[in-house]
Every structure is written in structure tokens, then in C-alpha cells.
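> What follows is the residue order along each chain.
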Amino acid sequence: MTVATADVEDLRAAVEADGAIAFDGLHLERGDEGYVLETPDGDWCGLDEAALRDALETIGEYVTNWRYWQETVGGEGTARRAFLRWCERAPIADGELEDAAGSGDHPHVPDDGETLSVPARYELLRDGLDREWGEICVTARLVESDAGEEPAGERVYDLWHVDDADTDLAALEVYDDPRDAREIATYDADDRYRPLKTAPTLVSGWAFTGLSGGELVETIEFFYPATIANWHRELRGELDVDHWLETAERQSGIYDVIDELPREAVDWMAEACCVDSQCLRRREWQYEEGGELDPDGGDGPFPCREPCSLVVAAARKWTVLESEEERTYELELTTSELNQLTELIDAVAEGRTDEIREADVYDGANRYRARYLRAKRFDEDDSLAAREVDE
Amino acid sequence: MQALVIAAHGSHLNPDASDPTYAHADAVRETGAFDEVREAFWKEEPHFREVIRTLESDEVFVVPLFISEGYFTEQVIPRELRLEEWDPDLWDSDGTDASQVTLEATDVDKTIHYCGPTGTHDAMTDVIVQRAESVTDDPDVGEGVGLAVVGHGTERNENSAKAIEYHTERIRERDRFDEAKALFMDEEPEVDDVTDYFESDDVVVVPLFVADGYHTQEDIPEDMDLTENYRLGWDVPAEVDGHRIWYAGAVGTEELMAEVILERAADAGADVGDARDVIQDAATTAGPDGDRGPNPGAEAGD
Ligand code: SF4
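Protein sequences appear in the order of chains A and B. Those letters in the first sequence? Residues 1 to 391, per the UniProt record's numbering, in order. Those letters in the second sequence? Residues 1 to 302, per the UniProt record's numbering, in order.
You may find that some hints are simply not true.
What the hints assert, rightly or not - What follows is a set of in silico ranges between Cβ atoms, one per label pair, in the way DEER data are often shown:
1) A:Leu169 - B:Asp277: 40 to 50 angstroms
2) B:Glu143 - A:Asp382: 53 to 63 angstroms
3) A:Glu144 - B:Asp92: 53 to 63 angstroms
What the hints contain is simulated information worked out from the structure, not anything from laboratory work. A quick note: this is a predicted structure, and the numbers were derived from the prediction, not measured. All C-beta atoms in this analysis are idealised placements derived from N, C-alpha and C, irrespective of residue type, glycine included.
Taking the hints into account, I'd like the entire structure generated from these sequences.
Pasting the structure below:
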């Protein structure tokens, strides 16, 4: 890899300014006897300017890596930078390489949490290095320089639906403006509105290609708002979780009532709304500090730090419903009809009704079965003929 | 670095509710006046609760895309943004004067300039007039024409009527239209009887709403007898009781709204350069045939 003169000059200027550089395994400082240069693969000392240039020439990847992160990306300490480093499995805290694995000789597909050294990253970045963020697959890759020579270390990013990982780009709708993500994220495959952006119903068939780091983060922000910011906070141990009670007690207006939702109903609510099949956020909020909810929070990569507006709105309905007293009813049903009610509720809850074939009369939630039950058991008010039993 | 956050209501049910917010945010983005521009919502994502933390800028200007001061601007938004020092008295407003207040959000290390709503800014008067121009396709509209500014009324918020009356009075003072009246859905004078309140043959009706939705696309057109059924659409203009009613739909979809947002931020100290001129030029040259103009006739209510 050829190291550009400008990069060498920038590096020297940075050493002048800071006394020394330590970045992703590259150490450079100016000693009494000339420059001291060190990478995990070798070290040099007593270098004059010409010797420094020659030495840097042999570790071009470290140099262009430094330039990309310090000059192109910048934003030290920001969620944007942390996310981009996560995308290529760089250690997220700059300068630390202790836990980085992999060597330049034999890159391998790393484990999920594993970080990689600069040569190992470059090896993978040449073909594109994939990571998954909810239903989105992000590929980081090196840009080929104009002259078609070795990459100069600049990265670009592509993203598409994980279901399209093996789809030919020509078969996808290709975009390059982050704002187009808004439209894509608005409707599901049945053209229904998706008010919850992290519902696992993102449509496939699209791709964003050649985005800069900033554009990538902006695009993800439109698909999954605030997920990067909260992930980054969690990573630093700074995620500020607001549990159910705090959120509920804060509400005003028509939502003022939701803090009256019984404790066990909050469990049911979390089980209804906040599981992986319904939402890709991993629920971190509990009933209250020290009072865990029963349902599992899920496995999503990004945390949910407080009940979302959809859950708050639904909670209002459940608060009203839960304020009703339970009563005992009597109604005539065969055992199979009772079982059928269970199947119906289950099919609706799982969003499975569309999949039940018209002729599949073995499924209790089959439309003809449901219509038959209605014809047989509904009274003239179009409801189940049930009698309240006096206790 | 400075960021702009446009705070709007949004909807769990209607995907179009946020369209004007996105459109105005994009218009501001294109001027390059802010390092970051972000939409935030009560019912959509990013929620008010999380928006500030997605920004890198230290200076954040929050402009509520709401028509009036009241429940959302005085309680919900400041609370959800965690502006703990907030107190409605800081705006020192009697319903239409809120400008801005500078506070810290307690979950982030940033300065938040919390601005008054777009709906009560003086520049909003121009947007209403611009709306009349675009719906009539006449840049000089005024002579022989009455203008009705329509609001919800006092049902939930008394300041909502104040905002409507404020702009109506300002339009009246300009002497451009023969008549200017404030009308309401839920209180007197009611928009149902629009023709009773005007002598002019031509009446432009501009609802002071942020987005087109149930009220502007169903209720108001039916109440005014523009159509028997909103699904059938209506003509612009439509004949009602010997008057020609030019119904404009929600004023919040007018392109010039982006300028009001910039005005709010500029009043709070944002450096917006010549962005206001850029938007004004774009809005006035695009004219009534622009993409985001009114949506009259058969498509209305679709
Ligand atoms: S509250 Fe539940 S449904 Fe809402 S975003 Fe969080 S995890 Fe998802």
C-alpha cells in the first residue's frame, strides 16, 4: 500500500502537536534520537524524516487507518464513531488493541463480540465486512482509489435487509439518500403503516450503497431512530433506564391513568408488546428499580430504555379494561368449540390469520370455521349468547 | 455546532400526519443552516424523549410544530425533553407571545433553546396569506375576497382560539382582503355557517392546522357543505349559498412554513445565514403547482 505524502505530513504534524500518537496499534513519537515507530508487527527507532517515510511505507494500512478515523470520521467519543468502529469490528475505545484478535495472515470470520487488528480488518474490508443491526445488514468496505491502485483506507458502507443478503444488487431498488429510508420504513409488506419503527416488519428489496460513515448513521437513524445513541450509552454503562412506574407516573392528560395498571397486567403487557416477535428493541425497563418483570426482554442489539408511546397508548386501554370486575358467564359450547376459541385468539395474537388457507378447515382459526361458529353461537345482537351467573 | 429539532405530534394510525414535518425539515436541511436537523414526535419515532441524545451539536434549537401554546408546548414537550427548569412563566406569554427560553436537558450535556410554537409566530400570518395565494392561484388575491382563518376552538385549549384571532386581526390590519374572520369548529362563530359571515362572493378558507387529517379533510369540508361526503372530494372553488368557497386545507403543509421554523430558531439566537431567503424564494417560485400545494378536487380525502 502506498502511503500518500499528505498522510505522512499529517502524522508528523499530529506527533508535533501531541508529542506521540497511539492509535489502533500504531505508536509514533519523537524521541531524542529521532522518531520511534511501533506496531504489533515490528518496531523502529532513531528514524530521521526520510527513514520514517520508508518505515511508514511498509505499514501503510496503519497509516491510512489512522487517517480515516482521525481525519474522515473524527467525532471522538460520539455514538456515530463508536458505531462505525463496531461495523468493522475495531475496538470501540480508540487506541486499545489488547483484546483485538486475528492476524493479517489468516483472517477468519470473527465471533460476534470479537474485535480485529488493523491488518485483519483490512483483509476483510477488501471484500466487505458484514454486521447485523436488527433486520439491517451493514457492509463496510474499502473504497478502491480512482487510479485502481491499492485502497487508500477510505471506507464506504452499504446496507440492505438481512433477507436480501444473497440477493443480487440488480434485483434491488438502490438508493443513496438517507432520507429515502423514511419512506421504506413507513409501510410493511402488506402496505400497512408501521408506527413502531423497531417492529420486525421492515420490508426487503432495497439497498443503500456507497454511503459515507455520516450518511450510514443518518440512514440507520431513519430506520431505527435513537438506537445507536442508546446502544452507545449502554456500551459505556450510561444507559438511563426509566422503568414502568416512573414513566407511567410522569404522564398527564388522557394518559394520566396508566399508573393504575395492576402490576401483573404490566407483565402481560410486556409479554404482548415487547418480545422479539413484535419488537427488535431489547426491553431493559422493568416494573420499577429492583422490581423485575417476568417476561424476557428479548435479544435485540439495541436497548429499549423506557416504554414507548405505543405501549403507553395501549396501557391506557388496558388500564380501563382492567378496572372492570370479573364475572362468571355461562354459555353453551362443545369441547371442540371451546378449543376453537383458543385457536382463534392464538392465531390473531400471532398475526397468523393471513396464512391459514381457505380450505384448511382443520385449523380452528380458518375463516369458514370462524364463520360457522358465529352463525351457530351468536344471538340476534351479534354476540356470543352468554348468561351472567349470579354467585 | 448547532442543531434544529422540529417537534411535532405525529400519529400511530395515520402515516401522513408526519409528512409536513418531514417536508419542512428537508427544506431546512437543504439550506445547510444547521449541522443537524431532526424530526421528533409524540406518537412516532424518534420520540421527544430520545431525540436530543441523537445529536452531536451542543446548541439545540427546539421548535414545536404546533399551532398554539397549551398542553403540548407547555407541559408535554418540555417534560419529555427533560427540561427540568422549565416553567410556563418563563415564556412570559399570555397565549401568543412565547418566543424562547434557554435551558439544560438533564439527560444530556447540551444547551436547549426551547422556542414558542410555529403557529403563533408573526411570520405565520404570511403563510396564511401565501396559502390564500396558492389556493386561488392568484399572487394578488385580496380585492373582493373574504378570508376565513379556521381553528379547532376552545374544546381543549383556550390559546388555540387566541392564535386564530391573533392572525386574523393582523390580516385585517393589512387591509388586503375585503373581510377577515376567525371561525371555529367547536365554538361560535362556527365554520359550518361560513357563508353567513361574509358578504364577499369569494371566500378563501384556511384551516390553521399543522397537517391534513380527519378535521381538515373530512369534518370541515362536510360541515361547510363543500361536499356531502368527503370521499367524493370537492371542488376548489365550490359553490355554497351563492358564494365561491376556496378551501385550502391545512396551512401547515404550505412550503413557507419552513421559514417560520427558521424564524423561531433565529429569534432564539440560531445562526441561520440567508436560509430564510432561500426558503422564501423556493416557496414563492414553486407557486400553487408545487408538489406540496393544496390537494383539491377528486383526490381530496383519499
Ligand atoms: S416499549 Fe416494548 S414495544 Fe416499545 S420499543 Fe420498547 S421493547 Fe419495543
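> Take the hints in turn and mark each one as holding or not.
Status of each hint after checking the structure:
At about 41 angstroms, the beta-carbon gap between Leu169 (chain A) and Asp277 (chain B) stays in the expected band of 40 to 50 angstroms. Remark: the range hint 53 to 63 angstroms for Glu143 (chain B) to Asp382 (chain A) is upheld by a beta-carbon distance near 59 angstroms. For Glu144 (chain A) paired with Asp92 (chain B), a C-beta distance near 60 angstroms keeps the hint of 53 to 63 angstroms intact.
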